[in-house]
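Using the hints provided, position chain B relative to the given structure of chain A.
Number of protein chains: 2
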Amino acid sequence: MSKKLTKRSEDYSKWYNELVVKADLAENSGVRGCMVIKPYGFAIWEKMQAELDRMFKETGHENAYFPLFIPKSYLSKEASHVAGFAKECAVVTHYRLKNAEDGSGIIVDPDAKLEEELIVRPTSETIIWDTYRKWIQSYRDLPLLINQWANVVRWEMRTRLFLRTAEFLWQEGHTAHATEQEALDEAEQMMNVYADFAENHMAMPVIKGVKTESERFAGALETYCIEALMQDGKALQAGTSHFLGQNFAKAFDVKFATKEGGKEYVWATSWGVSTRLMGALVMTHSDDNGLVLPPKLAPIQVVIIPIYKGLEQLDVISERVKPLVAELRSKGISVKYDDRDTHKPGFKFNAYELKGVPVRLAIGQRDMDNGTYELARRDTLEKMTIPMDEVVAKIEFLMVDIQNNIYRKAADYRKEHITLVDTYAEFKEVLEEKGGFISAHWDGTIETEDRIKEETKATIRCIPIDVETEKGVCMISGKPSEKRVLFAKAY
Amino acid sequence: MSKKLTKRSEDYSKWYNELVVKADLAENSGVRGCMVIKPYGFAIWEKMQAELDRMFKETGHENAYFPLFIPKSYLSKEASHVAGFAKECAVVTHYRLKNAEDGSGIIVDPDAKLEEELIVRPTSETIIWDTYRKWIQSYRDLPLLINQWANVVRWEMRTRLFLRTAEFLWQEGHTAHATEQEALDEAEQMMNVYADFAENHMAMPVIKGVKTESERFAGALETYCIEALMQDGKALQAGTSHFLGQNFAKAFDVKFATKEGGKEYVWATSWGVSTRLMGALVMTHSDDNGLVLPPKLAPIQVVIIPIYKGLEQLDVISERVKPLVAELRSKGISVKYDDRDTHKPGFKFNAYELKGVPVRLAIGQRDMDNGTYELARRDTLEKMTIPMDEVVAKIEFLMVDIQNNIYRKAADYRKEHITLVDTYAEFKEVLEEKGGFISAHWDGTIETEDRIKEETKATIRCIPIDVETEKGVCMISGKPSEKRVLFAKAY
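One line per chain: the protein sequences are A and B, in this order. Under the numbering used here, the first residue of the first sequence carries the number 50, and numbering increases by one thereafter. Under the numbering used here, the first residue of the second sequence carries the number 50, and numbering increases by one thereafter.
Hints listed in this document are in silico derivations from the structure and should not be mistaken for laboratory results. Heads up, a few of these hints could be off.
Pairs count within a copy or across copies, as identical chains cannot be separated in the list.
Unchecked claim - EDC-like cross-link-like pairs, simulated, lysine to aspartate or glutamate; straight-line CA separation at most 20 Å: (1) LYS147 with ASP102; (2) LYS106 with ASP387; (3) LYS345 with ASP388; (4) LYS506 with ASP471; (5) LYS385 with GLU107; (6) LYS385 with GLU111; (7) LYS147 with GLU164; (8) LYS126 with GLU165; (9) LYS483 with GLU465; (10) LYS106 with GLU95; (11) LYS532 with GLU517; (12) LYS304 with GLU231; (13) LYS308 with ASP390; (14) LYS126 with ASP461; (15) LYS358 with ASP416.
Bound conformation, chain A alone:
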């Protein structure tokens, strides 16, 4: 472990970048904008995937896999969709390399040009709806509830590990329905699944809402979203679920025979979360000492570190620790006993603190004599001495308590950082000096939204769902408004 982390208060952005690398989550690769997800980071992502996958299956979805490549003509079939993705896509034009005739090395073979260029999928609506045309004939084939775990590519110019990368991993659900209402319900259901996952597994409070027209997914009629707040007062969109109307059904001619004998276009949704959630997880809970992980997503929930002089003493400690490891594992708690002789206890303490392991136990000669463990919890940095016969119960308690505590902490922070304002002057002041979400009245026009964005860099994160209507006037135009919306600067 080289020198200390930059402090959040000094440079939040630098703190994040350093932490992601030092905690072995991810790093930049030799390919512009593409990251390597390291084993420790990937283990967290696998835990996220497993839980989300379970939730998707419980709500009736099945997994499938569609091609990585999308013919250019497919992408072009839905006008607003191609407009949204054309500017940042990786294009495959050739299918062979060869040796240059002048011996200068390997070159693209000009004779192996594709008839039609292929786009590396930035999202899969078009290739999937081209397939659904074959799968959907009748109302009996509906609803079609499918999810795909995949990599996608969007050629972003400015990239940051997990938050914005040219290639990222995600899941994309694509469903087809007989009625508009059923599709709307599905889109809303999946927003709720995402919110449930964010709050109960990531311990990250989120606000549920819908996007304004200008922030909607390219091709959607409504975009539901969950928005989280990071410790620097910036918002982060953590998941979106789109009601696509009949746009893709029309573009790909997907009709079904109704019960009544007619023919109608199918209604669609799509929804996704990505490795961006890893960035959200890091920025929601971690501190100047390193990661803080919720127990439900921590690859290692408990680490045990022996403190010893000489290998004989280590053997005695290891014998004492063995049954504890077995008992914790039998309770489904993941434990690492780090008896490496190549590193000192202090080094190990720092390393697991940096990696956000929720509970650390240390045991040395004095603990052996007293029949205790020294326990440290990562979230509060509290240390305590626990009798050996109470340590399992204590750990079981902490698995729940740490999960709840970091959620509460994040929720408290967010509560303090939602500010109601009624004037634009106040809006700008709060945005600069405090950050966070700003709840304000807006007249519903793109003009006002654009002006605010241009002048302050704040965007409307969402029109919240769980908020009462309230008569007011737009802080810019003075026109009437029915509901406050949430503004913030965002990742």
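Chain B in isolation, oriented as in the chain A frame:
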């Protein structure tokens, strides 16, 4: 379900293509050579993945994720590697589309040309070893045992669902070691893991061996493999594990500080299995009625079909079935109770037979009166009447018995189809009339191997590991040989 499957005896290849589509495993997409893996097919693949992933982790490997794209210069760094893959790779040359100025549609933006072309990974040795240079400094960083689940692209000209597709899903293990022996042991260990998986989960007997020089992976010093035999007498390579020597360490300059204070190049392995295993699974066990799945990989292990007149009778049957479903599920057996009113029992019987569900239960009024179920096992097509209080035990027995029976059947077929020959005339006769593996002496030269391939289309599938040395003479050149090798026509 449209008309019947083609029979294997009529046209094995057509039978396979039809079955994969009709059983809802996969289909061709609108993108040349790329398949869509349908939910039922993907559910089988997920079961394979889960088991393999468990086996990899049990042998100390961790998952990670590396970029989809490989800069052309990386691919070129290992000479034999690029020679092996350059002829069939998808090349990304641009990163943006735009509207054509003449209004003719969306075109590739000529101003968005990449400085260096990117290759869609055909395999990831080069990008991974470029990363390992940063990860490996000292013997303390070794062994590095990493696996990746990913999609890869090889621009095959003639493609077939699962067996040979332009894009496929796979896992690729990439490990780094301090010594040659340790890397060799790892490569052999992973071949054994694959063989264990193939035999004990896919119920597919395999022969373990090493490839001849001309059949080796591009960049490998030794390729271990498992070879299976399909019902048409053709062999299928089901998994490979490569000892890469120091080739990639040298190409990417990956050295480590030894315990003794020196600097040495790292030793490497890589190993992979792909969605090709799905094709192997289908072709090993299935019959003219459809799929036959091993219980360990069947997404639905037991289907229960009610036979009724009117919804009232259905309700009574459903009540009777409910506790059975619950009990089977509690034992970890996946059950589908298909009470759809839109399809007749006969239709359902055919559909689940086609999909290879290992056990089918039917229950009608007579069964209700007698306290029995009608049970049909998919592998033997046997039908039997089982008292209700014995049905759970019977099913538990069948989950094991069907798994064993289909393995035995495949093993018997293979035993009958390994023929020892000593002359080239006999070789050609057996190859044409019987097929299967032919065990023959070979002089170890590429010339002989090439000649046989050219004249008969048979290749050396492997030099088997579990076979005794035996003095003999090459059936072509008459030169001495120490061991018989296995020839076959192959997928």
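### Query
Hint by hint, which ones does the structure fall short of?
Hint check: 1, 3 and 14 fail, others pass.
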